[in-house]
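Trainee: Protein sequence lines, in the order shown, are assigned to chains A and B.
The numbering of the first sequence is my numbering, which starts it at 1 and goes up by one.
The numbering of the second sequence is my numbering, which starts it at 1 and goes up by one.
Hints listed in this document are in silico derivations from the structure and should not be mistaken for laboratory results.
Heads up, some of the hints might be wrong.
Since copy identity is lost for identical chains, a pair holds within one copy or between any two.
Unchecked claim - Below are the PhoX-like pairs computed for lysine-lysine, each with C-alpha atoms no more than 25 Å apart in a straight line:
#1 Lys277 - Lys257
#2 Lys201 - Lys257
#3 Lys80 - Lys46
#4 Lys201 - Lys318
#5 Lys190 - Lys257
#6 Lys215 - Lys201
#7 Lys108 - Lys72
#8 Lys257 - Lys143
#9 Lys314 - Lys201
#10 Lys295 - Lys201
#11 Lys45 - Lys72
#12 Lys316 - Lys143
So the chains spell out like this:
Number of protein chains: 2
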Amino acid sequence: MIPPQDLVTFLKESDYFLITTHISPDGDGLGSSNALSMLLQASGKKTTLLIKDSLPIQYFFLPGISNFLSLKDYIDSGHKSENLVLLDCNDITRAGIDDIIKLVTFNKTVVIDHHEISKSFGDIQWIAPNAPATGMMIYYLIKHMGVKLSLEMAINLYTAIAFDTGNFRYENTTPEVFRAAADLTEAGAKPHSIYSSIFEKWTFNRFNLLLTAMKSLELEDGFAMAAITKEMFAQTSSSEDDTESFVSFPRILDNLKVSAIIIEIDNNYYRVSLRAKGGIDVSMIAQEFGGGGHKNAAGFRIRTDLDTLKTKLKDKIKGSLKI
Amino acid sequence: MIPPQDLVTFLKESDYFLITTHISPDGDGLGSSNALSMLLQASGKKTTLLIKDSLPIQYFFLPGISNFLSLKDYIDSGHKSENLVLLDCNDITRAGIDDIIKLVTFNKTVVIDHHEISKSFGDIQWIAPNAPATGMMIYYLIKHMGVKLSLEMAINLYTAIAFDTGNFRYENTTPEVFRAAADLTEAGAKPHSIYSSIFEKWTFNRFNLLLTAMKSLELEDGFAMAAITKEMFAQTSSSEDDTESFVSFPRILDNLKVSAIIIEIDNNYYRVSLRAKGGIDVSMIAQEFGGGGHKNAAGFRIRTDLDTLKTKLKDKIKGSLKI
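Please take these sequences and the hints and turn them into a complete structure.
Mentor: Here's what the structure looks like:
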């Protein structure tokens, strides 16, 4: 993968960069932002890292993570970076920076992302839907610009790639991913330690919530559905944040095609996450309930009662499974 | 890693090979056996694959898996291979072939293994305790012997390596592992599909057994202990075979150092598996109960009652955690 020349020229010829990523930041967004900032600093540039949402504690181990400013701190600092770089995201609303855009006049805006483009934001765009992670794009950018891969960059990029490939288990795990992982490990990234930092930081309350939620699992004909009620959160002293990745847990079941998790967020108000394990396009199902997403991961929110929701959802999913 | 010259010469100069691996066969044992058989066949040799235990269904997808003969079929066939190769194992009892050794006179015996040697079996030994998997050793053997890496070999070797590195998450995940994975993926191994075949084939009964077992989890000071009783097996229509990898499940918990699973195999007779997540050497704990294993994975069997066992085990583990 070769970065576009206009992007490389622009990065080389400019001096000040504000770098940010999407809300609900994850390993790819944070890791690639940190690594890009390090690349630019190694090239003598000034960078500022910005993040709308609070940083999840599992990413506190990332070198450079403490450099991220909140929107408030950024505005208070009076800092006006000349160029904006949006990473792992191609929409200012998804980055949560609509207010910043109104407040600051940027010289140029840049988008580096591996998601299909939704809005045509960005004077310079590098969109690579086939890239397994934005971290892979930054990895190639570092190679292309001839900057030495530091240990700090390697940890950030390994985290980005490990996160977005589900630790090398999703369909986007290509020979190039493994070659980059070899290089990053050679540069000092520790696979076991990074895996543990990202995926093995569960509290006992979260563990108990998973067990309680999975006890409610209904399984039939390749379709699994679990519901997490407010009562379960209370019983296990846990919260909605603790449910991250729960929808993927039933993937271990043989012959599973679709997994759904229903989460009660208020009285008669539910958030539903859907995951497909090949075959079905769950974004089509989410759309029927007013939501959206991708082929393998989608979701929606709905005001109704639990029994009605379960019945409707079962019908729709069974319908899709029959096609 | 370079295979020893005496092994390479022997493989080149001999013609008939009987290949086998350890009881309770896993991805590394089966994958490396299949790949070695393919390597030798590609070099014009005759090979026979032998396995003491029945083959777990999750490995039915492996190319060549149907070539494994049971002990009975092997004996009935009257087949007397001249040379024995023991893979991923260095002890005939661990391979379950004591009877075969009495029955058949082998020309030479060969051991290729990445476990520390326990008994000095084997006229020719290639023991590489630093190798992440026996599959890695066979991968280097194929490269060294200049044989083309076929798709069938690649699938078997990828499976071996993915299994023994916990899909690239254990401490043995080195740059060389990633480089081999890149090469094997390039040759056609599909990471997502292999991951799914090995790790996502759970029955609903097994899933329910895990939830039931984990509900019994006791957690204190970095140590987690769960017990699976015969009653739980009955409740969930599951069996001891279904407990594979359960001991690793509590690894997702933050600050966990040791995980223990107690499995009731008969009245007042228990099998205990121990896993460490860095730091503690659980083989020392297992040895105190008459068992053994490695630093991060060990176990033992014991005749006692559950309460006594739990108390003693807690004491020993807490003692180790304090040092």
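Trainee: Is it within, between, both or neither when you check Lys295 against Lys201 at 25 Å Cα-Cα?
Mentor: between (28 Å within a copy, 22 Å between copies)
Trainee: Treating 25 Å as the Cα threshold, decide for Lys190 and Lys257: within, between, both or neither.
Mentor: between (33 Å within a copy, 18 Å between copies)
Trainee: Evaluate Lys108 and Lys72 at a C-alpha cut-off of 25 Å and name the case that applies: within, between, both or neither.
Mentor: within (22 Å within a copy, 74 Å between copies)
Trainee: Measure nothing new, just compare the shortest in-copy and cross-copy C-alpha distances for Lys201 and Lys318 to 25 Å and report within, between, both or neither.
Mentor: Between copies, since 21 Å is at most 25 Å while 35 Å is not.
Trainee: For the identical chains here, do Lys45 and Lys72 meet the 25 Å Cα criterion within one copy, between copies, both, or neither?
Mentor: within (23 Å within a copy, 71 Å between copies)
Trainee: What label fits Lys257 with Lys143 when the C-alpha limit is 25 Å: within, between, both, or neither?
Mentor: Result: close neither inside a copy nor across copies, 38 Å intra and 38 Å inter.
Trainee: Is it within, between, both, or neither for Lys215 and Lys201, if the alpha carbons may be no more than 25 Å apart?
Mentor: Intra 22 Å, inter 19 Å, cutoff 25 Å: intra and inter.
Trainee: Up to 25 Å between alpha-carbons, please classify Lys314 paired with Lys201: within, between, both or neither.
Mentor: between (33 Å within a copy, 23 Å between copies)
Trainee: For Lys277 vs Lys257, is the C-alpha pair at or below 25 Å within one copy, between two copies, both, or neither?
Mentor: within (5 Å within a copy, 32 Å between copies)
Trainee: At most 25 Å between C-alpha atoms: does Lys316 with Lys143 qualify within a copy, between copies, both, or neither?
Mentor: Neither way: Lys316 and Lys143 sit 46 Å apart in one copy and 51 Å across, limit 25 Å.
Trainee: Regarding Lys201 and Lys257, is the shortest C-alpha distance of 25 Å or less found within a copy, between copies, in both, or in neither?
Mentor: The answer is between: 12 Å across copies meets 25 Å, while 28 Å in one copy does not.
Trainee: 25 Å Cα cut-off: does Lys80 pair with Lys46 within a copy, between copies, both or neither?
Mentor: within (12 Å within a copy, 73 Å between copies)
Consistency note: the structure conflicts with the earlier hints numbered 8, 12.
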